[in-house]
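Here the protein sequences line up with chains B and C, keeping their order. All letters in the first sequence, in the order written, are residues 1 to 413 by our numbering. All letters in the second sequence, in the order written, are residues 1 to 342 by our numbering.
In case anyone wonders, no lab produced these hints; they're calculated from the structure. Any given hint might turn out to be false.
As the list claims (entries may be wrong) - Below, simulated DSS-like cross-link-like pairs (lysine-lysine); rule was C-alpha separation at most 27 Å, straight line:
| # | chain 1 | residue 1 | chain 2 | residue 2 |
| --- | --- | --- | --- | --- |
| 1 | B | K413 | B | K208 |
| 2 | B | K208 | C | K4 |
| 3 | B | K393 | C | K116 |
| 4 | C | K116 | B | K224 |
Claimed, not checked - Have a look at the derived ranges for each label pair, beta carbon to beta carbon:
| # | chain 1 | residue 1 | chain 2 | residue 2 | range |
| --- | --- | --- | --- | --- | --- |
| 5 | C | V211 | B | K393 | 47 to 53 Å |
| 6 | B | V152 | C | V164 | 45 to 51 Å |
| 7 | C | N107 | B | H42 | 46 to 52 Å |
| 8 | B | E273 | C | F105 | 53 to 59 Å |
| 9 | C | L78 | B | E57 | 48 to 54 Å |
| 10 | C | L23 | B | P200 | 45 to 51 Å |
| 11 | B | E167 | C | L78 | 51 to 57 Å |
| 12 | B | E167 | C | Q94 | 41 to 47 Å |
| 13 | C | I92 | B | E332 | 57 to 63 Å |
| 14 | B | V152 | C | I207 | 38 to 44 Å |
To be verified - Which residues of chain B face chain C? A few of them, derived with a C-beta cut under 8 Å, are:
| # | residue |
| --- | --- |
| 15 | L95 |
| 16 | K181 |
| 17 | L296 |
| 18 | P325 |
Note that the Cβ used here is the ideal one computed from N, Cα and C, for glycine as well.
Chain by chain, the residues run as shown.
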Amino acid sequence: MTKMLLSTTAVLIGLAGAASAQCAIEGDGSVRILANDFQALHAVVSRAATCAGEGVEVTTNETTEHKDIQVAALSTSPAAYTIAVVANGSLVPLLNEGLVQPMDDLVAKYGQNLQDSQLIRVDGKIMAIAFMANSQMLHYRADLLDQNGIAVPATYEDVIAAAKTLEEKGVMKTPLYASFKPGWDLGEEFINMYMGSGEPFFEDGTAKPAIDNDAGVAALEMMKALKDNMGPDVMTYNSNEAQPYWENSEVAIMTGWGSRTAAFIDENGATPEIAKETKIAAMPSWGGHDIPATTLWWDGFALAKNISDEDAAASFQAMMYALSPDLVADPETAGLAAWLVNGYTPTPASEGVFANMKAGAKPYPMTPYMGMLHTALGDNLAEFMQGQETAEKALEDTVAAYTTAATEAGFIK
Amino acid sequence: MPHKTFLAFILPSLLAMLLFVALPIGSVVYQSLFIEHEQVMTEVETCGPFGCTTERKVDAAAMQELRDAQPAGRFNGLGTYFNSGHLAFDRIGQIWTRSETWGGFFNQVMNLPLYKALIFTLAYTFIVTPCVIVLGFFIALGVNAIPGLIKGPVIFFSLLPMIVTPLIGSLVLYWMIDSRGIIGAGLQALFNNPSLSLKASPTLTWITLFVYGIWHNAPFAFVVFYAGLQGVPQDTMESAMVDGASRWERIRFVTIPYLLPLATFVALMQLMDNFRVFEPIVGFSAEANATSLSYLIYSDLRGADTPLFASAAATSVLTTLGVIVLLTPVLIRTWRDFNRKA
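Extracted from the complex, chain B is given alone in its bound form (with noise of 0.2 Å):
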């Protein structure tokens, strides 16, 4: 009988609860929502489609291509999307255009499940406000370390001596894996390694790069001793490609992206065995310092200055909906990244990126000029990385080509 009473009770806390999580908007508006394509994403996007109804319209447009529309589609007026879905890299083009609001008025009135460290504020100012961290972190197998005798590795230094141990041991001929292919992902790779050494990218106060020095030089060079570990098609390899490679065994030791970990750590997947011997820890520093060698990313939304402010209080009152602790509640979505949102408890997917915030890891920068270096890096770099060319050369290419694109687009006289 008891027991009878307690699942009742249960189930209309139960019932209590799901009429309460339903959502509901203060005036009519129009939500329309521009974003990337991924899952954790999907889960925030779809999450704010169900704010539909009386008075109130949903579209969401989640493509890949996000970021090659956004700046069109939010100079137009009224803007044809009224939230974008950005990273620090890809809200700084809206920025520079002055495409987007402030939202601490907004804030005020509907963000009260918000935390602080969400909001993004440039010049004490709200421009966004962020939902979920990420950045790479290192995958290793507990398994294959263990067997052979090796400590996880704390540094790029360990890393190598690691897959040399498992060559030597004939335990894999290959164990080293890293996006290097040439491109966003390659710059990307050196960015992250070139934090590790602390050196700022430009001189201060200019536009002018300063990564011709004794450390890009550095960072290149243990990029290359890193490649010498990896297969043979090392220079096409991204993210995207590297679940087979961890699948089939053929790879012990991999840095990746926080949001795809829960793919390789899924013991429902195709090797069950490996995933379960898959262990995550803080990407490793190098040269003696000891900041992670890599970059913080955060994934937020942003809201669009071209629209009515019945759109815009609609828009942030769906998003706000999104957010909600209720998000998090369920233990699949919870999963699927590090979540900056009221009441979410890392998972394992996640640990990588709080260790790397932990240890002192640096956020990506969100200069203006940022991105023009970034694809510098990742159209220069390969010749270096194949043994055609040196690092200085490499280095000289790269500036070389920056400096062309920074002065076309003006930030350099």
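Keeping the supplied structure of chain B fixed, place chain C upon it in accordance with the hints.
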């Protein structure tokens, strides 16, 4: 034909050409002369989940004022054409003074973005085009000789490489040449070299792209030649047979001369197409080892957060000039033929 009638006939297409060809080219040329205004920067404090940092930021309002005053941007003349991303005369001068051998000079110039792209584009154009013409011709001869019953299916299968979307076709091949794919692994076993990778070595990447280009384009030449073969005059052919000409002699002295104008046509189309090579580079992820002029334009527009319109426009103009230079000999030849006939 009176001039007036002629004008009435030509006017619609003349208007269309003006609207869809001349105007866009004109606007691209105009665009290539301007660059972005100098950015007005302010220093601001940015705070987020990872703490606060002081960062420089574009003053959007001040920039808007500049853009309203001069929407096209800052006039830069031919500066974009000569910067180190394009013709790079300055850097060539530097390389000239510091390099000691011709080889060293050549290597360093070929490392400049535009020249690197140009050399691959030209190599691709001049290797793929003749191979396509020859291969297409022989496929056409072969198909023409087989009996009618299986001709249809054979023609269909010969056309498949052209029917497949270039990007998809190159992706399929890309996975096959992976060191774990059927071709890649097969080659490793054949040469007994486990570190052999078609994707890593520049030479092998170039060869892969050439082979792909020939595979993809051969059906075009085949179709044109096959159509031409249907019209080869049978009486000339028969009299050649009566005279005792071998199969090869008949091809050499009857078929080839008859198909020559078609070969000019195929060459013209292929030169234009191959000079614009782009999809295979993306499909094969070959950016590290091979870039083309079209790829440079793409990366200027899509590479960074803000598109570099002036750079892309300058490369487009240079590509157009390149196409004109390439086609001139073929066009002169066609013009001469035309005059001879008239």
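A quick look at each hint next to the structure:
no.	hint	verdict
1	B:K413 x B:K208	holds (10 Å)
2	B:K208 x C:K4	violated (62 Å)
3	B:K393 x C:K116	holds (16 Å)
4	C:K116 x B:K224	holds (23 Å)
5	C:V211 x B:K393: 47 to 53 Å	violated (31 Å)
6	B:V152 x C:V164: 45 to 51 Å	holds (47 Å)
7	C:N107 x B:H42: 46 to 52 Å	holds (48 Å)
8	B:E273 x C:F105: 53 to 59 Å	holds (57 Å)
9	C:L78 x B:E57: 48 to 54 Å	holds (51 Å)
10	C:L23 x B:P200: 45 to 51 Å	holds (46 Å)
11	B:E167 x C:L78: 51 to 57 Å	holds (54 Å)
12	B:E167 x C:Q94: 41 to 47 Å	holds (42 Å)
13	C:I92 x B:E332: 57 to 63 Å	holds (59 Å)
14	B:V152 x C:I207: 38 to 44 Å	holds (43 Å)
15	L95	holds (6 Å)
16	K181	holds (6 Å)
17	L296	holds (5 Å)
18	P325	violated (17 Å)
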